[in-house]
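Chemist: The primary structure of each chain is shown beneath.
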Amino acid sequence: MKAEIRLIVAVVVVLLMQAGLAAAQDSVAAARQLYASASYDDALAMLDRLKSSGGDPASASLIERYRAFCLLAVGHQSDAERAMEAAVEGDPAFRPDEADVSPRLQSAFRDVRKRMLPVVVRQRYAAAKASFDQKAYQDALNQFDALLQLLDASDVVAADPSLADLRTVASGFRDLAKAAAAPPPPSPTASGAQPAPTVPSSAPVAPTESALRPPPAYYNAGDPGVTAPTVVRQVLPPWPQGIPKPAQRGQRAVLDVVIDEGGAVESIVVRQSITAWYDEMLTTEAKRWRFKPATKDGKPVKFRELIQVVLDK
Amino acid sequence: MEIGREDLGYRTVEAVDVKPGRPSRIQPALPSGAANLNATPWAEVWVDGKKVGETPLGHVPLTIGPHEVQFRHPELGTQTRTLVVTTGAPALLSVDMKK
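From first to last, the protein sequence lines are chains A and B.
Numbered per our numbering, the first sequence spans residues 1 to 313.
Numbered per our numbering, the second sequence spans residues 1 to 99.
These aren't lab readings, by the way, just hints derived from the structure by calculation.
You may find that some hints are simply not true.
[What the hints assert, rightly or not] Pulled from the structure, derived: some chain B residues nowhere near chain A, Cβ distances all over 12 Å:
#1 E2
#2 I3
#3 R5
#4 K19
#5 S24
#6 S32
#7 T40
#8 A43
#9 K50
#10 H67
#11 E68
#12 H73
#13 G77
#14 V84
#15 T87
#16 A91
[As the list claims (entries may be wrong)] Simulated pairs of lysine-lysine, DSBU-like, Cα-Cα distance not exceeding 35 Å:
#17 A/K287 to A/K178
#18 A/K114 to B/K98
#19 A/K245 to A/K292
#20 A/K51 to B/K99
#21 A/K178 to A/K299
#22 B/K98 to A/K51
#23 B/K51 to B/K99
#24 A/K114 to A/K178
#25 A/K51 to A/K114
#26 A/K287 to A/K245
#27 A/K245 to A/K114
#28 B/K50 to A/K114
#29 A/K245 to A/K51
#30 A/K114 to B/K51
Being a predicted model, the structure only gives us computed values, none of them experimental.
Using N, Cα and C, we set each Cβ at its ideal position, and we do this for glycine too.
Whenever a hint applies, use it, and build me the whole structure from the sequences.
Modeler: Below, the structure written as structure tokens:
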């Protein structure tokens, strides 16, 4: 009897969920129809109800898009801008199709995208970097891939040229996340493993891919069997007194550093800049940094590391 | 004198000074209504020969009564409609420029 009641409750819950989902879809479609027929006030009322009822991010962005269209129609400019900001935040890849909306709407969306994209890109970079720092490498890989796809949209870097630097940094972290997320190769000598099949001595033996592949020029975090280097000496150049620290472009540099087998810095590339002159001071000082070298299977190896330098406020 | 148009939701009372042997004129100011205009995919909108903007357009103030509305698209041509504005809710007009 109890099982029967549970089953009935479950069926009712499922039916209600399906009905709710269908109603939500119908309502978005209905709101679009109201908008198309110029019933802007009714469309807005419906979209506001849908917004307050929540939903998935894609629907939320669509709702904000149509709210923006309706608000622009009735002349509520500031509310329309907030709706467009929410739409861009929810779906930064969306750009109104030139064939579908008037030049006035295109221009309004273009202005908001130009203002919002650098913010959204930096938020998404921060989220991806946080995943990387938490060693959630697969999540970080997916987030950096999505971020790079966004950065490749034609109008993104045009909105803020400094995003070109961020793309370089994101690309570096994406490669590191990919390397770290890759599963380690299976051990051929694992205990309990089946004996490897033998090859007749007369048969030619093709060299394996790993045998053909030269050892990497350097290792990365997450490479199997690799222990990252540890800092022995890492002094930062002091910020000159009397010169205000940059506030707008972020107070951090990212250095792409290769540390050799002896623990010395072999090469430095500035992936994210603070200012040109401080970058120069920083790279000069960084050449004197010393590390306990990275090791692979106990032997010192070259190691590539992205090092963030954050200025105190 | 009470004058009005029931279909437009308009009624007003005007004082008329009637003098013998001469017609008297009254010119009551017509109140404003509003129109909501849209086109698929979009259009420039002209009302009574005057450009009012690009769609979507809402709460466009117009005097009550009939108006000629033109929707113009650079590739899809022009469509003309008559829209009757009243004192009530905004008059709605939308056209599909592809038809």
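Chemist: Indicate, hint by hint, whether the structure satisfies it.
Modeler: Taking the hints in turn, this is what the structure says about them:
no.	hint	verdict
1	E2	holds (32 Å)
2	I3	holds (31 Å)
3	R5	holds (23 Å)
4	K19	holds (47 Å)
5	S24	holds (41 Å)
6	S32	holds (15 Å)
7	T40	violated (6 Å)
8	A43	violated (8 Å)
9	K50	holds (17 Å)
10	H67	holds (15 Å)
11	E68	holds (17 Å)
12	H73	violated (9 Å)
13	G77	holds (15 Å)
14	V84	holds (15 Å)
15	T87	holds (17 Å)
16	A91	violated (9 Å)
17	A/K287 to A/K178	holds (28 Å)
18	A/K114 to B/K98	holds (32 Å)
19	A/K245 to A/K292	holds (32 Å)
20	A/K51 to B/K99	holds (33 Å)
21	A/K178 to A/K299	holds (24 Å)
22	B/K98 to A/K51	holds (32 Å)
23	B/K51 to B/K99	holds (22 Å)
24	A/K114 to A/K178	holds (30 Å)
25	A/K51 to A/K114	holds (25 Å)
26	A/K287 to A/K245	holds (23 Å)
27	A/K245 to A/K114	holds (26 Å)
28	B/K50 to A/K114	holds (33 Å)
29	A/K245 to A/K51	violated (41 Å)
30	A/K114 to B/K51	holds (29 Å)
Comparing the model with each earlier hint shows violations of hints 7, 8, 12, 16, 29; every other hint is respected.
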